[in-house]
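A.B. asks: As given, the protein sequences belong to chains R and F, one line each in that order. Per numbering that gives the first Met the number 0, the first sequence runs over residues 0 to 345. Per numbering that gives the first Met the number 0, the second sequence runs over residues 0 to 272.
Hints were generated in silico from the structure; no laboratory data involved. It is possible that part of the hints are untrue.
[Said to hold, decoys possible] In silico SDA-like pairs for lysine to any residue, Cα to Cα no more than 25 angstroms straight-line: (1) F:LYS13 / R:LEU186; (2) F:LYS101 / R:THR74; (3) F:LYS13 / R:TYR132; (4) R:LYS87 / F:LYS261; (5) R:LYS87 / F:LEU174; (6) R:LYS11 / F:LYS266; (7) F:LYS101 / R:GLU2.
Everything numeric in this text was worked out from a predicted model, so none of it was measured.
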Amino acid sequence: MIELINVEKYFKKPIRGKGVWGMFKTLFSRKHTLVKAVDGVSFTVGDGEAVGYIGANGAGKSTTIKMMSGILTPTRGEILIDGKRPYKSRERNAVLKTIGVVFGQKTQLWYDLPLTETYDLLRYIYDVPEADYKRRIGELTELLDMKPFMDAPVRTLSLGQRMRADLAAAMLHNPKTLFLDEPTIGLDVLVKRKLIEAINELKNQYHTTLILTTHAMSDIELLCDRVIVLDAGKILFDGSLEKVKHMFGDKRNVTIQTPAPIDVSAVVDKYEIENVSTDGDGLLTTFTIDAQKLKIDVLLDVLLKSYKVVDIKLSETGIEQVVEKIYADVKSDDDAAIEAEGGAQA
Amino acid sequence: MRRGAIKRYLIFTKAGFQTLMAYRGRIFLWFVGALISAVLMSLLWRAIYSFSDEPTIGGYTYSQMLLYVIVSAVMFEVTVSDTMGAIVDDVRYGQIGMRLMKPISYRLQLCFTNIGNYLGRLLIFGVPFMTAGTLIAVYGFGLTGLTWYNILLFIPASFIAMMINEAYDFLFGQLAFRTHAMFGVNSMSMTISGFLSGRMIPLSVFPVWAQKVLNCTPFPFMMSMPVRLYLGVMSTNDVLISFAVAIAWLIAINIIGQLCYKTSVRKVVVFGG
Chain R
0 MIELINVEKY FKKPIRGKGV WGMFKTLFSR KHTLVKAVDG VSFTVGDGEA VGYIGANGAG
60 KSTTIKMMSG ILTPTRGEIL IDGKRPYKSR ERNAVLKTIG VVFGQKTQLW YDLPLTETYD
120 LLRYIYDVPE ADYKRRIGEL TELLDMKPFM DAPVRTLSLG QRMRADLAAA MLHNPKTLFL
180 DEPTIGLDVL VKRKLIEAIN ELKNQYHTTL ILTTHAMSDI ELLCDRVIVL DAGKILFDGS
240 LEKVKHMFGD KRNVTIQTPA PIDVSAVVDK YEIENVSTDG DGLLTTFTID AQKLKIDVLL
300 DVLLKSYKVV DIKLSETGIE QVVEKIYADV KSDDDAAIEA EGGAQA
Chain F
0 MRRGAIKRYL IFTKAGFQTL MAYRGRIFLW FVGALISAVL MSLLWRAIYS FSDEPTIGGY
60 TYSQMLLYVI VSAVMFEVTV SDTMGAIVDD VRYGQIGMRL MKPISYRLQL CFTNIGNYLG
120 RLLIFGVPFM TAGTLIAVYG FGLTGLTWYN ILLFIPASFI AMMINEAYDF LFGQLAFRTH
180 AMFGVNSMSM TISGFLSGRM IPLSVFPVWA QKVLNCTPFP FMMSMPVRLY LGVMSTNDVL
240 ISFAVAIAWL IAINIIGQLC YKTSVRKVVV FGG
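The following block holds chain F by itself, in its conformation from the complex (with noise of 0.2 angstroms):
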């Protein structure tokens, strides 16, 4: 690409950012949620470990699991995609067809500004509600085995599943091409990856093999595997090989994405704007 084509496409994560900060209660409707989220879960995990006899659950500690769920709640407030919105918003309301009369990729400007919509996720997010966070842990439940370069390299490995993220969210956002029943659409990959990704439960609770099977796709990326990272649980090399699956699923989805989507469009372009 071109140096002012990318500056074309980064006056998208602009006004992504940008539109982000148009609805103040929005922002305080995810610190809530993610609030309530966190508070359940370690509530909820600290009576599975007054009835465990063992000290560690899927090899975490309590002090450990409090943090998981506490960063897994923030990464999947700051990670989620906006894409498949975009997408339904824009063939429901007709906007598509001006979308695409634009001298721009579509799926650019919808990959651009979901960065943007990240890095406001992030900063007026994700920052502050991952420090107290932490620090509840590290001073409150003792916590220890958090780096400062583990923390530091969480940052490119939740940007990378936050793009893993939208590259799957714009596969199945597709589909608002071909059905108006996108409400199920959304819930279903939701919910898919939601549970294989470790968001709900960390996946070392879950069967060996079914850990083999899961490690085989992308959805340890999305958010076990940053989460992981932070907590300081993965080895050097681990944490490489890591990263270097990571992207080459991050290109692959898109290739993918890619390939659907020139199908898709001459769907559209068939039935009109």
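Same shape as in the complex, but just chain R (with noise of 0.2 angstroms):
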């Protein structure tokens, strides 16, 4: 079980001056700025639980991350894994064994051996028993499919698949929770299809706890059952998928261009579209649906039939997108409570 108790964690920014001469003094400044990365996060997570831990970039999700992984100390506040501390040192070891991490922007292969000695020299650091490796290693391999570069050295693999490598690595000592940091950055749709389902596969065969940051709400929505929203290092949401999808809806962005600006009041007013946006001069038009109102197909088949379309582009929405949602959604909320109690009060 994961705990995190009111986890804060600043870092201390020197205030830079503007060109060569502010440079220069920052030099001999000690001013600084606090910025607060991860600002009052509590949450737990149960064995076997998936959670998809999502928010904007520079959100905090990766410091907490290095939190539970215990390569930061949190400024104040209390990270327990199964009761254990990941950042004190005589907590530390026996916290890292019970833990694996994957960074996709990252390694923890050995650059100059083949794939085969990295194992082998994991196996010693985690003191995996002889017959476990044998297993796993024969598991994963087929698994992920690593067998063609399996005595390949790591410098010359593809990122697939280091990142299959590397998650195959992160696997080996059996951890019971695995950490897993935008682990399909910059793959193909396929490739990042196979990770994820081979992810998906090892979580449950393994019953491995599972913390994920993406920002591929597809990966989530396969991998996980609950969504922690961070912004600005504080909790915006915590709960299932089905209350993201149900707040959020299944939406999907249709994008065309036209050689003229057009006239969209004769679609709106037919069609259950959410929202119309226009860029580049009116040329491009974007019209935003809710996929479970208004099938895809239709909307295409009016929009051909209605206009002279150059392009279209379809689009899901990202995170930044369900974030930006469910922050306005939070916020009125709090606007309605305020307003409530000022109503009460009154």
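Could you use the hints to bring the two separately framed chains together as a complex?
C.D. replies: In structure tokens, the structure reads:
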């Protein structure tokens, strides 16, 4: 079980002057601002739960993961992983043996060694008994389809191969908890899907607790049952995936390019369209719909019949839009509460 | 340390050894580098000896000086430490967080990896180069005074020299947590140790007062002492004392390094991986 109790992490950041002279002055200045990367976060994750930990860039996700995996010490508050604090030197190794970490932007593999040697190294680091090791490496090799590059030095692997290899490295000691920090970053759609499927299978097979940060909503949908949304170091939302979907719906964006600005009122009046925005001197028009209420093929049909369309682009909503929406909802709830309170007092 | 724990770190020695073998071109370049350095230095000393009226300089005959130059060139390539480079890479490429996230000591990991490097360098480079150099000095230039036990004792002496070198490198390497100007730090620390350890010129040509001062530092044990041991110019008494002092320095530098590391690592911990 993972417990975070009022965790805060502040960074000191020197105030930098502008230009060469400003930079020079910074050298001798001790002035700094306090950046609250994580600002009073509390949550509990039970064994075997899969949590999507999302937020815009700089929301404090990675900082939280780094604190949970023992490389950052919280400024205030407490983190307990099965009752042990990862940032205390005495309890650290015990915690580190029960967690696995995959950072999409970094690797834990040894660049110059063949993959098999890296795994051998990890076996000793984590004291994995030989029989367990053999069995698990067999399973992982098959599941992640790593056979073709098992003997290749890590530096020669492609990004997709490396991510799979990194995932296997994180799972080798059968950790109780797996932290995944943007594991699908930079991967193409096919490789991404395969990786997510593999993670899902690992999770079910080993009953691993999962904490995942990502910018792809599809990753969350496939893997997580619960979502925690972080914004500016504070928890904005903590609830089930269903609730997020319910709040947000199944949103799609359809962008069409036309040779001249168009009049959208005919379409908007007739069909259930949530939002219309234009860009590029009115030549690019984006229709946002809820795919549950209006089928995408119906909309495309209507658009193609109504306008002279040069180009079409379909896109899913990103995490940023989800956060924005949740933020707006939470805020309006707060406002309503304040108003209600004010009304009662009056 | 438990037996299992030692085994866990020895695997890094194996990895260091393997990493070393990963680049054939690099091994070839050391050969060329050491060869050029040894040839140039021996020519330079040849010129110096021909202008000198004395048969010896700093107590060395020309044939001894020739072997000094060869052995120190080999020693340098064999005992050079990869620790600072490893820290710099780990910090620059953001791997440091991943390394610190492992349930093992980062310090020992570096140290044991470097032992693997040392063994690899000694085996594929040190042994053949030293053998060739010694044969040339003995049969080509009539060098005498080498003994089997001195040559055997050279192995532990060079090991301790490598370990001191590594601890010294770790001490400076920690600056990577605080500054990006590691190229400067590296060349500074290399120049200091290169000059003061007797790699560039034997310490016996330094003024007497300078030799006295240097004998109170760890530098002679990084190069000069093992080379002199190999040449057979040290008395038995001197050898025994030198080993004791070298080990004492090794322990002392590691303790200082560990104390500094405690504050350095907090720096990493503050700024994140």
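A.B. asks: Would you mind marking each hint as holding or not holding in the structure?
C.D. replies: Status of each hint after checking the structure:
Note on LYS13 (chain F) and LEU186 (chain R): the hinted pairing is violated, with a Cα-Cα distance of about 33 angstroms set against a maximum of 25 angstroms. This hinted pair checks out: LYS101 (chain F) and THR74 (chain R) have alpha carbons roughly 22 angstroms apart, not beyond 25 angstroms. Note on LYS13 (chain F) and TYR132 (chain R): the hinted pairing holds, with a Cα-Cα distance of about 19 angstroms set against a maximum of 25 angstroms. Using a Cα cut-off of 25 angstroms, the hinted pair LYS87 (chain R) and LYS261 (chain F) holds, with the two alpha carbons roughly 13 angstroms apart.
Taken as a hint, the LYS87 (chain R) and LEU174 (chain F) pair is honoured in the structure, with Cα atoms around 24 angstroms apart against an allowance of 25 angstroms. Straight-line distance between C-alpha atoms of LYS11 (chain R) and LYS266 (chain F) comes to about 12 angstroms, which keeps the hinted pair within the 25 angstroms bound. The straight-line distance between the Cα atoms of LYS101 (chain F) and GLU2 (chain R) is roughly 21 angstroms, inside the 25 angstroms bound, and the hint therefore holds.
Going through the hint list in order, the structure does not satisfy hint 1, though it satisfies all others.
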